[in-house]
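Protein chains: 2
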Amino acid sequence: MPVYKAPVEDTLFVLYDVLNMENYGNLPGFSDAPRDLVEAVLNEGAKLCEEVLQPLNVVGDTIGCHRNDDGSVTTPPGFKAAYEQYREGGWLALSADPDYGGQGLPVVLNAAIGEFLSSSNLAWAMYPGLTQGAMAALHVHANDEIKRTYLPKMASGVWTGTMNLTEPHCGTDLGLLRTKAVPQGDGSYKISGQKIFISAGEHDMSENIVHLVLARIEGAPAGTKGISLFVVPKFLPDADGNAGSRNPVSCGKIEEKMGIHGNSTCVMNYDEATGWLVGQENKGLPAMFVMMNEARLSVGLQGLSQSEVAYQNAVTYAKDRLQGRSLSGPKAPDKPADPIIVHPDVRRTLMTMRAVNEAGRALVLWTALQADVHHRSEDAAEKQKADDHMGLMTPVVKGVLTDLGFDNAVKAQQLYGGHGYINEWGMGQFVRDARITMIYEGANGIQALDLVGRKLGANGGRAVMSFFGEVGAFCSQNKDDAALAPFIGSLSKGLKDLQAATMWFMQNAMAKPDNAGAGSTPYMHLFGLVAMGYMWAKMAKAANLKLANGANGTEERMNAKLGVARFFFEQMMPETAAHLARITAGADSMMALPADAF
Amino acid sequence: MPVYKAPVEDTLFVLYDVLNMENYGNLPGFSDAPRDLVEAVLNEGAKLCEEVLQPLNVVGDTIGCHRNDDGSVTTPPGFKAAYEQYREGGWLALSADPDYGGQGLPVVLNAAIGEFLSSSNLAWAMYPGLTQGAMAALHVHANDEIKRTYLPKMASGVWTGTMNLTEPHCGTDLGLLRTKAVPQGDGSYKISGQKIFISAGEHDMSENIVHLVLARIEGAPAGTKGISLFVVPKFLPDADGNAGSRNPVSCGKIEEKMGIHGNSTCVMNYDEATGWLVGQENKGLPAMFVMMNEARLSVGLQGLSQSEVAYQNAVTYAKDRLQGRSLSGPKAPDKPADPIIVHPDVRRTLMTMRAVNEAGRALVLWTALQADVHHRSEDAAEKQKADDHMGLMTPVVKGVLTDLGFDNAVKAQQLYGGHGYINEWGMGQFVRDARITMIYEGANGIQALDLVGRKLGANGGRAVMSFFGEVGAFCSQNKDDAALAPFIGSLSKGLKDLQAATMWFMQNAMAKPDNAGAGSTPYMHLFGLVAMGYMWAKMAKAANLKLANGANGTEERMNAKLGVARFFFEQMMPETAAHLARITAGADSMMALPADAF
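Protein sequence lines, in the order shown, are assigned to chains A and B. Quick note on the numbering used here: the first sequence kicks off at 731 and runs consecutively. Quick note on the numbering used here: the second sequence kicks off at 731 and runs consecutively.
Because the hints were derived from the structure by calculation, they are not lab data. Take the hints with a grain of salt, since some may be wrong.
[Stated by the list, open to error] Simulated restraints on C-beta separations:
{"#": "1", "chain 1": "A", "residue 1": "Lys-1226", "chain 2": "B", "residue 2": "Ala-1215", "range": "47 to 55 Å"}
{"#": "2", "chain 1": "A", "residue 1": "Glu-1200", "chain 2": "B", "residue 2": "Asn-1189", "range": "40 to 48 Å"}
{"#": "3", "chain 1": "B", "residue 1": "Asn-798", "chain 2": "A", "residue 2": "His-796", "range": "23 to 31 Å"}
{"#": "4", "chain 1": "B", "residue 1": "Ala-1213", "chain 2": "A", "residue 2": "Met-1236", "range": "29 to 37 Å"}
{"#": "5", "chain 1": "B", "residue 1": "Ala-1212", "chain 2": "A", "residue 2": "Leu-1277", "range": "58 to 66 Å"}
[Stated by the list, open to error] Here are some of the chain B residues that sit facing chain A, going by a computed Cβ distance under 8 Å:
{"#": "6", "residue": "Ile-984"}
{"#": "7", "residue": "Glu-986"}
{"#": "8", "residue": "Ile-1169"}
{"#": "9", "residue": "Tyr-1170"}
{"#": "10", "residue": "Arg-1312"}
Quick caveat, the model's predicted, so the values are computed rather than measured. For every residue, glycine included, the Cβ atom is placed at its ideal position computed from N, Cα and C.
Just chain A, with the same shape it has in the complex (with noise of 0.2 Å):
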């Protein structure tokens, strides 16, 4: 059976050590967030992961959600009360505004937790983890009216959340969609119509669902400029504001999947169900993006949950497994082979997942902190400018992250050899879980287009040149560091590169768009190569600094960081020259063929 320790001290070593998160004050909730607090917090979740929800993670892969006839949906046995659990701790309402019934602490506080959610049981964090996008999107969107109907309900985790935007003939492409709303007069529609591939669209957990539905008011404009956003109950509020009568908005079916099977993914039917418009009339889909941002940064968090937790289990079966001798002569004479953690091709693997989960954790509470910044800073210069990291950024996360994320959840379970197939010792399902993740909430081929089309653009790349001037600040800074000068050599030869395909999308995409279309995969991942190579830097001088000024019981560890540096800028960081060769090849070579040639 798998096992699962919350990685509390990476954390606090990045919140602290490398963010410095103490220096942030003076915004809203992060003075009722001091580092005992904050050590608490993570502890606490940390227990509640590793204890309740990592020993259901089997059970709702075996079992699955059911749906019954009468169209309910039974989740897999346990998964209710531990719901009940993190209701009852408060832990919806972590980072939720407290005019709302939340807490107001950190965002980033918020997202290192949902790390340890994911890891220990992906399919069951899903269930808060919409509910937390739902609440998103209706606090920055929806009248004060629905906000005061909903959002408490949704804190204290009474009512849960979801995102109702795939129809079965539009995924990617929303404007496409059919499902209707027709106003009542009353200020209030029915919306009728199908939505499929509903993550958590109906279950046992709570007492009402709250949909967020995106539908075409009749006689909108055609395409995505005709899409309005709505929230639709299971449940209708009562007078006193509790549910009350069901409106039909059903499950008609859960659809078998390749893993996530304790998330009940569903087709939901909307047969004239009742709905309010949040936000304005055919505004539909920026007010569903501001969810979907959100729900980006979460599902790159997701990918890497799955990559550290399938880290830690390799970790224990590489020390455990006796199988040949080391290259460089027996290392436990005294058995019959040596723990293949002496082989150092099983060396690479884990160190490839290491590199990864601690560079990606480190960007991921980066993004989380910026995200505190635009919603709480006074400072207008500032919440710009997180702000643009934020839209910078959430492509390459969800992107970078989930893909490699997947490939070390691969990775994990190939170290297991055939062990790893067989469903006894759980690696498979690391693997069958993470790759949700790189499919929704925008498919990574659409978060490369995102980041190519859209963020490098934006506001005459005001956020990219904004990145690059930190990361060269940082280079230049930090270039004489004894140290730090082969990572550094490395980060800006890699900055070099990410500058250059840059450049020259700049210069071959105006005129030639499928060029940017063409290169925009490698270069998400150059991207994410550079990103974790600026974290990974950051890291080692944090770690170097506090060897300097005495570890404190610290030294294994943080010689252990400027270990994992080394392998990431020696390994993983070269790759950046491939991905530029590939983005100034240009589009040509794809195009060429005529799609019957296919």
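With chain A fixed as given, assemble chain B onto it according to the hints.
Frame of chain A, contents of chain B only:
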């Protein structure tokens, strides 16, 4: 439901335009296989695969194998009838020795059919696949009595075969195995022990199952030097050579696993089962390696096969699915959106798959042809060169084509978005089935070590020098061909990187073997890129020649070949430099951390 069409035309192009199969007419068996016969065999095999086996693929995945209370195993509905049809077609005998019931046709033809079989139904194809592997081992190592008893029954498909290596505590490190063999004084042995992960270990498709079992004769030396190979039939042959009394070897359990559900992966219990020695006492490992090398080539082909069928389905979907508009303006203005094949990133996905599939096919067929030369030529130098090639290329084919085959199945699934994740479309099965090919018959990390640790240095590097010489000569001969020049430039650069990496090992791995282990996986993939690049250059040359000589209706296919060749060299070959950088960075960053720091 997935579709499949066997790539008969591309196979013929490789056999006749690239490998010039008609030049091998002097080898026994080749004169019996003129082009029209080869075409007929391929078309007949294609029909069986497309019409009989492919429709059973989802059935096998969904229903799987069932162990009954009496220890017998029922295969999925239709599997037995399909096997009957295959058996009656004489397919198992195709390239088997005519002295023992075989047809003696070239092995390369059997390999071509092998791809079709695995593409259409991997789990099913493993039953006859393992039989062919077992036949190969018996053919080389068994005495004539055993050969006469078993080979004709296996060639006719009336009996099937298995290989029994793994035990719960040992997979890679067979020196640890415990299954014991006690001589009975009559030439037979009593075999006792437990084997795990035995594919096709028990089933209802054949009259008898011939287990090849590694075991330790009482009193044999410890480690790999005390292992012998035995043939242990499920039913002991009677005086007429038919299946007689039941031997105490039985299936204790079928493993629950990630994929290949249609194949029965058994725990096999040997309780003083009667067996006979194959080859010499304590020389079981080299004998089993004959079977494993055969099997490893087949497994490389299996990886390729899943990539091919996944590609075909991805193409169908990419032409059908309407979503978004081309970056360069609408391509299907009469439809609500363009088919997604207009998008460059979708093209990148398809071209990547195709570039691997076509080069992989050529590489496998080239290697299988060397097997024919090795087995059938009477020219000692030619035989040795062919054997060198096979030894060198086997780990590359197995490791690289299965790694890439799996990656490609994932890419194909990705192209379907959410529809790829649900079972309905069948794309997940290709991913789950392909996954095993990276693991069994020696996990890919072991293939990489075999290449670097064993094959590179064998006979003073004779095999690798011969390969470098051949590729280098091809580059020199064709560098002034304007139509080939860009390809040759890229191939030469890749070859230079490969030679530099090889040189680096020579200079740095003798004194410090961990440097070989640390670089082994990147080296295997670097080798694979150069080998596939060589195939692409040869295919491009053949395509140009065909176009110049009047392509006779194949213009579109030949132009597509050139297009995919360009994609390979522009988009995939740049990776060689990154691999070289990884290799020459050495083992230090992997080995520096103490095991406890993981």
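Evaluated hints:
1. A hinted range of 47 to 55 Å is violated for the C-beta pair Lys-1226 (chain A) and Ala-1215 (chain B), which are about 29 Å apart.
2. Taking the beta carbon of each, Glu-1200 (chain A) and Asn-1189 (chain B) are about 55 Å apart, not inside 40 to 48 Å as hinted.
3. Taking the beta carbon of each, Asn-798 (chain B) and His-796 (chain A) are about 28 Å apart, inside 23 to 31 Å as hinted.
4. Between Ala-1213 (chain B) and Met-1236 (chain A) the beta carbon distance is about 33 Å. The supplied range of 29 to 37 Å therefore holds.
5. Between Ala-1212 (chain B) and Leu-1277 (chain A) the CB atoms are about 59 Å apart, so this pair conforms to the stated range of 58 to 66 Å.
6. A hinted interface residue such as Ile-984 (chain B) counts as satisfied when its beta carbon comes closer than 8 Å to some beta carbon of chain A; here the least separation is about 10 Å, so the hint is violated.
7. The closest approach between the C-beta of Glu-986 (chain B) and any C-beta of chain A is roughly 4 Å, which is under the 8 Å cut-off, so the hint is satisfied.
8. A least Cβ separation of about 6 Å between Ile-1169 (chain B) and chain A falls short of the 8 Å threshold, and the interface hint therefore holds.
9. For Tyr-1170 (chain B), the suggested interface contact is upheld, since its CB lies about 7 Å from the closest CB of chain A, less than 8 Å.
10. Given the 8 Å rule on beta carbons, the hint for Arg-1312 (chain B) holds: about 5 Å separates it from the nearest Cβ of chain A.
Of the hints listed earlier, those the structure fails to meet are numbers 1, 2 and 6, in rising order.
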